[in-house]
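> Chain by chain, the residues:
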Amino acid sequence: MKRKRTEPYTRLTQPMVRDGGQLRPASWEEALDRAAEGFRRNVGAHGPDAFGMLSCARATNEMNYVAQKFARVVIGTNNVDSCNRTCHAPSVAGLAAAFDSGGGTSSYEEVENTDVIVMWGSNAREAHPIFFQHVLKGVHNGAKLFVVDPRRTVSAAWGDRWLPLRVGTDIPLASAVAREIIHSGLANRAFIEKATERYEAFAAAVEPWTLEAAEKETGVPVDLIRELAHAYATADRAQLVWTLGITEHHVGTENVMALINLALLTGHVGRYGSGLSPMRGQNNVQGGGDMGAIPNRLPGFQDIKSADVRQKFEQAWGVSIRPEYGLTLTQMCEAMDNGQLKTIYAIGENPMQSEPDTIHMFKRLSNLDHFVVQDIFLTKTAQLADVVLPAAASWCETDGTFVNSERRVQRVRKAIEPPQGARDDIDIMCEIARRLDRDWNYQSSEQVWDEVRSLAPVLAGISYPRLEELGGIQWPCYTEDTLEPPYLHSRLWEDDPDKRGRLAPFQVTPHRPPADELSADFPIRLTTGRRLDSYNTGVQSGGFASPLRYSECIDVSPEDAVELGVEEEELVRISSRRASIVAPIRIDTGLRAGLAFMSYHDPDLVDTNALTIEATCPIAGTAEYKATAICVEKLTLDERAEHQAAFDVGIVLTANAR
Amino acid sequence: MTAVQLGLPTRLVDITVDGETVRVPEGSTILDACTAEGKSIPTLCYGDTLTPVNACRVCMVEVEGSRTLVPSCSRKVESGMVIRTDSERATHSRKLVLELLGSSVDLSTTPKIAGWIAEYGAKPERFGEPAQPASEGELDARRAGHHHSTDGSFAATMHQPPKIDNDLYVRDLGKCILCYKCVDACGTQWQNSFAIAVAGRGFDARISTEFSVPLTDSACVYCGNCVEVCPTGALTPKLEHDLRAEGRLDESKQTQTTTICSYCGVGCSLTLHVQDNQIFKVTSPHDSSVTHGNLCIKGRFGFQHVQNFAPNDQAKSPAD
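Note that the protein sequences, when read in sequence, are chains Z and P.
The first sequence begins at 23 in this note's numbering and counts up one residue at a time.
The second sequence begins at 0 in this note's numbering and counts up one residue at a time.
Check each hint, because a few of them may be wrong.
In silico EDC-like cross-links for lysine to aspartate or glutamate, where the CA-CA straight-line distance does not exceed 16 Å [what the hints assert, rightly or not]:
(1) Z:K166 with Z:D182
(2) Z:K385 with Z:E356
(3) Z:K436 with P:D47
(4) P:K252 with Z:E439
(5) P:K252 with P:E239
(6) Z:K521 with Z:D122
Distance ranges between label pairs, derived from CB positions [claimed, not checked]:
(7) P:T67 with Z:E491: 40 to 48 Å
(8) Z:Q442 with P:P213: 33 to 41 Å
(9) Z:W515 with P:S65: 46 to 54 Å
(10) Z:S466 with P:E245: 33 to 41 Å
(11) P:R10 with Z:E491: 49 to 57 Å
(12) P:S65 with Z:N163: 55 to 63 Å
(13) P:E245 with Z:R599: 52 to 60 Å
(14) Z:L208 with P:K111: 53 to 61 Å
(15) P:P213 with Z:N463: 51 to 59 Å
(16) P:P213 with Z:W515: 51 to 59 Å
(17) P:H147 with Z:A663: 55 to 63 Å
(18) P:P213 with Z:G43: 46 to 54 Å
(19) P:E250 with Z:N463: 34 to 42 Å
(20) P:K111 with Z:Q442: 34 to 42 Å
These are computed hints drawn from the structure, not numbers from a lab.
Note that the structure is a prediction, hence the values are computed from the model and not measured.
C-beta atoms are modelled at their ideal positions from N, C-alpha and C, and glycine is treated no differently.
Same shape as in the complex, but just chain Z (with noise of 0.2 Å):
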């Protein structure tokens, strides 16, 4: 394949505003008087709901503590969301349903220290290299990796085992697992008995799994699954490593829950090296959750429809805060089709590229009367605002703190001065919110992080100049002078009934195929995923120039590319039931006949997200991007040579819907 080089994204350096359909260069002044006076507009119009709040998962907590503070004090609405909700809100819906508490719940050091690693949709080789590390050392203590994913990834050539599941029968593998457990007497029924609830609907439910049954179903052979069985349930202790290939389906959350109960059914939790551990896929999107960007907490993961969580809040904050749940990303993107959402502010977040089916994404954002875009770049969603805020990198160029996947808070510091022209964050918005008649300033990054503390009980503990002393403390932390063991939910094996607290419950986890439904017409089955070098949509990966990246392409099997008599580097089309690309061939022999990979770094030369499918996943709100039917078809010669010069050049090819 080809080495790529595409042209950066530039950074921002001076506001803009949409003027007879064009954006021209502003002055702050005007673009934070248009940018305030659109809500104004439109929330005077049509309520406080009709605003929506896209806060940022790349950004510092005290910025999303400020974005969702703007949400429900300066507009009156819990409709705040943000990426987290295309990656693993059905971790933290699964994890909470189980034991009340949305984060992962060891530490990475504790795989290092483990008996059995169980990595279940994760290639985390190339998505979380560091964590890997992690996880060969453990490996090289000893420990029995078993890597469950359709590819045979760089992560799964480690493996001790590697489990070809079909995209999409996770449920059914999990169920067998958790059958032949049940079977061989292997369960762990101290911890069940003591710790759990309504195990026997569960066990009634996995029943119909047996080994012949999922190995039918999930194309694992028997003993493969037995064995993964056998391991998980006698080890001492026991991992569970996911990533988005469980959550990013139409099951999603069932797919979490479908693992919890696999930890709960042998005692795989609340124990130092036993645990669950979902790898968050942004820099703060455990964070963006703690700090209540998402609609339905408020920060310190405090459910708003508690009565006396919202009394706390309404009395620091001086308003009332509704009780019900705002909207997720999900259900904005319906409220924008049926014209309830009327305005967006958006931070940092990229969604027409980043959200599946790309071209309803593009009507929908266009619709907007009022669409107020801030970020370092401008994207392919900025190019579509009223008005563009350039903002300060985050990361680099502010102070604040971030939380990782292991729940440790750490401090972000300013190293570089941001361009002329580009704001900080937190800044911007008290701009806004001074014209919307609300008197903020904050003056330090640290004042709103004490103003978090105050609030969030699990945050307490956790100071600035203790950060600076201990160099990162994960949560929950309760008080300055105590911290908590590196993992969650010992409590569930206290002996006396009131310290163990609400019992963790099994959950009845039926199997849903992928509601992309492979056909004669649609033949093969696409995945997407990460790349070594490369991020999400591009825009900050983009800007360097690794030596290892290659054009954005479609991986298929050695098997396929001879069925459809494609050579590496041809370009074909790929095509699903809603939009049509161009993309090369990438042959790679990790693949089986019928599995398809394509990664979606490059979306303005192939754009991957107009083929996936919006079905979502009813508990979570996330997408099943995992999971496409697709047709890959040869060009003809004229097509080929009409494409390959655009191809030569760079040059954006726009997707054609079906």
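Could you slot chain P onto chain Z? The hints should help.
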């Protein structure tokens, strides 16, 4: 309950360092013990995140009862051990090691080395004028037996042109002292990519990709964890290399600030090395429980997006 893992209690043992009795934890190395006592022992191949490899021999000390000098970076203390860090034998050995290295390798970017050379009175030049640098690829092409002894009129060297085969980091093997730290960082100790190893024998030994292919054709994944541990500047980020080559690298104008990576959710600590408001290098704190000093390609090299400006917009960079 506390989050601090206390572990098993550690015994303290008494040892003698340069005539003074000190009490140190059992299991410490001589280097740990001496450092804790405020003694400064030079090290090159020692790495705080790596298993000692005992390659460079500059940290040798004298231990009573030991026939040979011992490497302080790996030798554990024992009760009653009598150690001399500054005996004539130890300092003479250090001087010779510095002379051999200095005569064959470009140490101009090795931190602290000039001070040690002065301190121990090392005279690398006594081996004669350095030989002409090898041409590009000449040393890589050597096979066993190709190397012939010189006539003694000049000093054999590793000098050769730097290898610049990608945009992220430069391999200047004329500065390589064969300490193996890069090989260990790339191998089982951290990265597990196995892109580099020692090839050749004797004076022709060098760090090489398989069959000396360019990095771009090798197993390298550009994590730069080799760059992180290199003690001599043989491995240098390209931006730092370019600044130095242009004579613009100026330590007095530099800052180092530790923040958190902006890519995935692992949360790696990044130390940004900045000059004139431009990030030119990224390292990671070796005591970070998340990274132990290691990063991936995005964390170490993926910062350029914040300092890319439109051609007509360069003036907006606060650097200018």
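> Taking the hints in turn, state whether each one holds.
Verification of the hints:
no. : hint                           : verdict
1   : Z:K166 with Z:D182             : 6 Å, holds
2   : Z:K385 with Z:E356             : 12 Å, holds
3   : Z:K436 with P:D47              : 27 Å, violated
4   : P:K252 with Z:E439             : 15 Å, holds
5   : P:K252 with P:E239             : 14 Å, holds
6   : Z:K521 with Z:D122             : 15 Å, holds
7   : P:T67 with Z:E491: 40 to 48 Å  : 43 Å, holds
8   : Z:Q442 with P:P213: 33 to 41 Å : 40 Å, holds
9   : Z:W515 with P:S65: 46 to 54 Å  : 51 Å, holds
10  : Z:S466 with P:E245: 33 to 41 Å : 38 Å, holds
11  : P:R10 with Z:E491: 49 to 57 Å  : 29 Å, violated
12  : P:S65 with Z:N163: 55 to 63 Å  : 33 Å, violated
13  : P:E245 with Z:R599: 52 to 60 Å : 55 Å, holds
14  : Z:L208 with P:K111: 53 to 61 Å : 58 Å, holds
15  : P:P213 with Z:N463: 51 to 59 Å : 55 Å, holds
16  : P:P213 with Z:W515: 51 to 59 Å : 55 Å, holds
17  : P:H147 with Z:A663: 55 to 63 Å : 57 Å, holds
18  : P:P213 with Z:G43: 46 to 54 Å  : 50 Å, holds
19  : P:E250 with Z:N463: 34 to 42 Å : 38 Å, holds
20  : P:K111 with Z:Q442: 34 to 42 Å : 39 Å, holds
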